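Q: Listed here are the chains, written in short residue letters.
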Amino acid sequence: MTKANINKKKKKGFLYNIKEYRALILMALPGAIWFIFFFYIPVFANVVAFKDFHISPDGFIQSLKESAWVGFDNFKFLFASNDAWLITRNTLAYNIVFLAMNLLFAITFAIIMSELRNKKAVKVYHTMSLLPYFLSWVVISYFVYAFLSPDKGILNQWITGNGGTAINWYADPKWWPLIFVVMNVWKSLGYNSIIYYASVMGIDPTYYEAAMVDGANKWQQIKNITIPQILPMMSVLLILNIGGIFRADFGMFYNVPRNSGALYEVTAVLDTYIYNGLTATSDIGMTAAAGLYQSAVGACLLLLANLIVRKLDPDSSLF
Amino acid sequence: MKKEKISSVNVRSFNTTANTIFNIVIALFAISCVIPFIFVIIISLTSENSLASNGYSFFPKEISTSAYTYLFSGTMSTKILRALGVTVFVTVFGTIVNATLTSLYAYVISRSNFPYKKFFTVFALITMLFTPGMVANYLVMTNLLHLKDTIWALILPSALGPFNILVMRTFFIKTIPDSIIESAKIDGATELKIFRSIVLPLAVPGIATISLFAALGYWNDWFNALLYVQNDNLVPLQYLLIKIQNNLEYLSSNSGMSAQLEGGLAALPSESARMAIVVISTLPIVLTYPFFQKYFVGGLTIGGVKE
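Sequence order for the protein chains is S and Y. The numbers in the UniProt record's numbering rise by one with no breaks, and the one at position 238 of the first sequence is 238. The numbers in the UniProt record's numbering rise by one with no breaks, and the one at position 51 of the second sequence is 51.
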C-alpha cells in the first residue's frame, strides 16, 4: 500500500469504518457479548463488596439499588476475623511452594528428558506423565482415596503390615501440606515441562558442540548454556504464575481432602473460603469482599511482576 | 594430544551410567502417573466381599464385574445413564459453541487491516489480567441471567476463553496470508463468504486443536454444576462423583444416627461401583488421549508464543 493510500484511509471517519467493516464487527459480536456478560458485568457486580447486599425478588438491578452502601465495612469485618489471616497465609504459602517446586521439577524434568539417549522412550515418558493433567481433581480425589482410605487404603495396609499403627489421613492435618505439594507437582509436571522441553530442544546444538570442544562436562553445559537459554521462558511463565498466586486451585483443595472439617486449618484457602461463604452463609457482601480482595491483589501482583521483569529484561516481559 | 571426536549423537546425551539412572528415575515417575488409574480399574473389578475383607489391593482375591452390571442395569442405571447423557450433550454442544465463538472472534482480530482490531484484542485480553471472582459470577449467573438449574449454566460459562482466542489468532495469522483475502475481495466475495469458503477450510487443524481444549474442559467440568445445578436431571458424571462423596461424608460424620446410616448407605453405590463410575467418567479421555496429545502439545506451544 502506498503512503497516499494510508493517508486517505486515516481520514475516513468512525461511521464510515462501521459501515465498511460491519461484517467483521458482526462476526466479533457474539464473542464480545459473551465477554460483556461473563466478564465485564461480573467485574462491576463486585460493587456488592461495598454494599450490605440483600437479594430482592425484583431482580439483580433492583437488589443492587435497594442494598445500602456500607463503604469498607465488609472488608473490615473480613480482616477482623481470624479466617482472613489463615486463608491468606495458606493461599500464599501453598502457592509460593507450588511455584518453586513446579519450576524446579519442570526444568529438571525437561533438561533430563532432553539429554536422554533413547528418544522413543522419551516420547513414552512424556505421554504417560502428561496424563494426570487431563483428569479432573474429582477423579484424582478418588485416586488419592484408594491410597489414603483409613481402613482400606493401600498406604495404611502397608503401614499396619509392617507393624505400624494406621494413620487416619483425613483427620490428621499434619500430613496435608505434604500431600498437596506432592499432588500438585504430580498432576502438573508433565504439562509444565512441555514448554521447557520445547525450548531446550530449540537451543542451537552448535553451542553444545563448541562447549564440548572446550572440554565442558555435562553439568557445565547445563549451567552455562541450557539454563541461560531458557531464562526468558522462565520469566514469562513466572509472571503468569505470580498473577495467580492469590488464586488457589479450588479443585484440589475442595475435592482431595473430601471436605474434612478436621483439616480446616491446613486446607482453608481463599477460594474454598469464598465458596463456603457463598453457599453456607447469607453474608454475600463479606464473601464478595473476600473475592474482590483476591482479584485485586492478584491483578496488582501480576502487573508488578511484569514491571520488574520489564526493568530487568525488556524482551522477556509479557506486555 | 588425542583429538576427541564429537558427533551430533554426543550432543545432548548423558554418559551411559547417568543415562541409565535418569531413565529409571523418569520411568518411575511416568509409571506413577498411570498406576492410580489402573488401580481404580482393578478396584472396580474387585468383588465387595474381597474389598470388605482385604481392602483395596492390586491383586484382588476375587474378581467380579457386578459393579458394572449394577451401574448399567440396577437401581443406579437411570442416574448413571442420565449423568452420562448430560456430560456427552454438554461436551458436544458446548464444544461446538466454543469453537464457533472462538474462531469468529479470533479471525476478526487476526485481520491486519481491520481498524478496530486493537480494540477487540484488548477487550478480550483484559480478561486474562483480572478475574471477576466467584461471587460476582454467581450473582450475575443466577440473579441477572437466571441460568440456575438450566443446561446453559453448564455450557455458557466456558463458552469462550482468551487463551483459545490467542491460539486461534496466532493460527490464522500464520496460515492465512493477507493476499488471499485481498484477492477474494477483488473477486467480489463478501466477508462472510471469505470466512466460510476460504478461511475455515484452511483453519481446520487449528479449530480441531481448540475444540480439543474445549471438549476436555467440558468433559471434566464439575465446578459449574457444583455452583449452579440442584436439579437431579442435570447432574453430569463428575458432579455425580462429588455428590456421592459428599453424601458419604455426611453420613459418616453423623454416625450417631445409625439407623439412618444403614438406610443412607444402602442408597449409595458400593465401593466398587463408586470406582466404576470413576472409570466410566475417565475412560473416554484415557482411550482417546494418545491421539489428541500431539495436537494438544502443538496448541500449547502456539499459545505460549507471545506477540
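Hints in this document: simulated from the structure, not taken from any laboratory. Since the structure is predicted, the reported quantities are computational estimates derived from the model, not experimental observations. Treat the hints loosely; a few may be bogus.
Some chain S residues judged to face chain Y by a derived CB distance under 7 angstroms, without partners named [said to hold, decoys possible]:
hint : residue
1    : ILE33
2    : ILE36
3    : ILE96
4    : ILE112
5    : GLU115
6    : ILE167
7    : ALA171
8    : PRO173
9    : TRP175
10   : TRP176
Where is the CB? At the ideal position from N, CA and C, for every residue including glycine.
Q: Find the hints from earlier in the document that the structure breaks and name them by number, from lowest to highest.
A: 1, 2, 3, 6, 7, 8, 9 and 10
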